[in-house]
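What follows is the residue order along each chain.
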Amino acid sequence: MSVDNMAQQSFLPLTWSDAMYLAPEWILIAFMIVLVVLDLALPRRSGRKVIGWLTLAGLLTSLGFVIGQVLDMNAGTEWPIRLLGDSYRIDAFGSLLKILFLSATALIVLMSIGTVKREDIPDKGEFYYLLLPAVTGAMMMASSGDMITLYVGLELLSITTYVLVGIRKHSVKSAEGAFKYVVTGGISSALLLFGMSYLYGLTGATNLGAIKDALLVQGAAGDIQELLYVSFFLMLAGFGIKIGAAPFHFWAPDVYQGAPTPITAFLAIVSKAAALAVLFRITFNVVFPLSNATDMYLSQDIFLTILVLAAAAMIVGTTSALRQRNAKRLMALSGVANAGYLLVPIGVSFKGLHMQNVGEFMFYLAAYILMNVGAFAVISVVSKATGHEELKGFAGLYYRAPWTAAAMIVFVLSLAGLPVTGGFFGKLFILLGAAQSQAYWIVAIMVVSSVISYYFYFGIIRQMFMRGGGDEAEVDMPATTGVVVWLCAVLTVALGIVPGPVIGWVNEHFSIIRDLFIMSP
Amino acid sequence: MLADIPILSLITFSPLIGILVLLLLPKQNSRWLKVTAVTATLIPLALSLWLYADFDGTLGGKPYKESVTWVNAALNKETMPDIASYLFKFQYQMGIDGISLPLLLLTTIVAVMAALASVHVKKRWKAFYLWFLLLEIGMLGVFMARDVFLFFIFFELTLIPMFFLIGIWGFGGREKAANRFLIYNGIGSALMLLAFVMLVMTAGFRVDQVDQQTQHVYYSGSYEVIKDNLTDPDSFVNAAPESPLHMSDTMRWSIFILLLIAFGIKLPIFPFHTWMLRVHAEAHPAIVMIHSGVLLKMGAYGLLRFGVFLFPSQMRDWATVLAILGVINILYGAVLAFRQKEFKLVLAYSSISHMGIVLLGIASLNEIGLQGAMIQLVSHGLISALLFLIVGSLQERTGTTELGELGGLARSLPFMSGILLTAGMASLGLPGLSGFIGEFLSLLGLFDSMRVLTAVAVLGVILTAVYVLRSVLAITFGPMPERFGALRDARLVEAVPMIALLAFIILIGVYPSVLTEPMKHGFDALLQQLNVKVGG
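Protein sequence lines correspond, in order, to chains A and B.
Numbering-wise (the numbering used here), the first sequence opens with residue 7 and increments by one.
Numbering-wise (the numbering used here), the second sequence opens with residue 57 and increments by one.
Please keep in mind that the hints were generated in silico from the structure rather than gathered at the bench.
Check the hints yourself; a few may be wrong.
Said to hold, decoys possible - Restricting the straight-line Cα-Cα distance to at most 20 Å, the calculated cross-link-like pairs of lysine to any residue (SDA-like) are:
hint, chain 1, residue 1, chain 2, residue 2
1, B, Lys133, B, Gln265
2, A, Lys357, B, Glu134
3, B, Lys182, A, Ile415
Make a model of the complete structure from these sequences and hints.
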């Protein structure tokens, strides 16, 4: 199919039946509108807990629809669903990510309901309902097959999170974080758009499938290679900022520190994962097919660049976290290292018998979500009790809240990649995949950076168990946060004991050809 | 009848019973917590003695194996529609043979003694015993796991409780010691994991042809699968170099060297030993009993199980290197032990020296030497456990372990001094005690192939006598400081483990067959393979 046809097709309007497939997204938008009005209508003095619960309900309803779609997919419906000329795709890749995004956001909302206080965040209602468009943006990114939808999703996610980071209006740190985030976010968007514009200029298409086809035709000519390099490097830098991979991570500690803790968790999980997901799609749809083109080293070079980016993120993230004394900044740098781990399944390509990149990615992402949400939930209650976010706030936590300390051990072990936790198997599967592709050097960097990370992760344990309680502040664990902590801890251990069914299910039900590659119709 | 029940899993996880009971007990009730913990360690001891009695090392003997499907992760096989299944297959696989069994017994014995020695623990008993029992599960699992990743998990399961046990219940520099322990062993585990990942991705590959149409393709973590693949001349990895599945020599050497370093850190081999000195000096003596008695042995076991058994020809090429490392360990440990002023550090360096002898036994690559290495492992485990048991009791009474401050204790503590003296004799290799058998057989084995090195090593054995006598005599004889006059000798709860450990040391010393009998055929396959290679 020619590029012109594709362009024509993308103007086909949505039909009603098509719109049904977008139910998860519609629901979130509808809930948001209702909650905006409700927030206006509720008297100023009333607590905004009800908005929190309704936000949660919206997320869960949407999650139910996504799960329904996935089950449908197994029931034999024609998949993938390609809307608006392939610019929006309902496929396993997008749906699995949506499940993860929605669950993560639901956990984050649940943990906030007990901990978010009006003294800290004057506009509690806003805090909750802005998460809905943010996660909608992330879902659009996961489903996008076109650079335009991708960008719209990205901006929807970014702009709402700019507001959320600055929502502690009376805090200077929060304002500073929000400002930094807006500026770096703007740079990231600019770089991305600039890179995309080259691709569009070279191929005349915005659809990833169409770009691939055009490049495969022109590729042999070889005279556009330099421009393609420029384009991909610009995009990688843009995504690098969004996922917080070194050397594009400098904004992360400040922003993470300034944002309210639940929003920090949202940035560390959903924002990061959405950008990674888009990078995953672009890499395997546009870069990977070129690996067979003769005289084109582009594909190998880009994959290598991604791995180098991953290695840099792991090394820089772990080494700069060594001297960190603030819990949230520590988690920011830990997030940098984790971005590195998550980049590995994107960078090792399909090679020989190794084709389970998506399974590795999804499994580690699931484990990452559980351990991060759990850790942030604990951080939020501890910092609320002590009034600050320094690591020494954890001192003697064992004496004050032994069970919370025990749960934190689970999260720390998982973050450090030690058995028996989801984090261990997540890393192991990624390691095995990289070794299967003979990328032994990245395997070595991964295990070594994990060991370096022991030092600072176990620093939290040292504080909790080996130091006396400097702060005698009572740790008050709201029931909702407690549920989140224990749900995350139990699931983390469960992933560590029976990881097989989870990754096996993804690998079995995920088809590269059907769900990842965007083929010409 | 033992083969019908999952005895190996029962042994490994029996401390869980103790953990569950401990969780239910109130945390102030130290007496009941202690009783529970000691009882919980007696269960695996009883079970492993039963296993020992039932064990038959001969080739036709009953195999003790347990294998349960654990991680069967399907992989994407879209491009290979013809195969029936394509999996990562990591199994819960446990097994025991002549090499595991002595170390298993050592673990269960030392664990009971260390639990008894924990009477001196002064705080947070509940958490202490919880970590202690978790540690025991890890140790037991390490010696029986037969899947590389299961092995790795048990190995790491010893790391985390040790970190807590050192860091919370140790002496002044405990946090630093715990950190060092964590980082050094972490690096060791990381290299081991790297080696295992490479191993599984090359030698773990297997195709089971059920019939013409049905093929099961998988990557297995099973030790047996990997070993079969590596040693079977017809397997994929030994195919012609053009084959994509061929395992190159570079790969084999890389894995072998990674494993050598990984287990070398644990053993420890000379340049990687600094972490263990701190642990010896700073951890609670009951924990050092475990550490010196069992954890160091995991390094030697891993080296044997994965280094020597999987890569015999690499091992043969490097036998001299290993022997030289062993001699360095012996001499370095002995000389530095002589220079120490702190008794715990004397023992720490003495451990380095004694582990050198294990390296010699392994480097000999003949049956006598390998058996010597095994006996040395068990013997040193018992002796160092006994020595640290005494150290714990001494420190409890005198408040110090500095050689300069101690002296003349034979007068106020005759029983403990007597045991200390005997343990010292065992350590320096007095015939009739277990230390002698281990050293003698290891050196005898090595004498076959490397005479000069053996001669140098014997020098180290002489030095052992010097430093052991110097320090032990400094404690027991000479002028006694006034304040030690009123010390009370060992209580019953201290005397029982001392006598028990000494009894085992004497038993092995006069009747080594208790150990050599089960491991008689443990090395058959390895030696046969080495000989084939030599012949070819």
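List of violated hint numbers, smallest to largest
Per hint list: zero violations.
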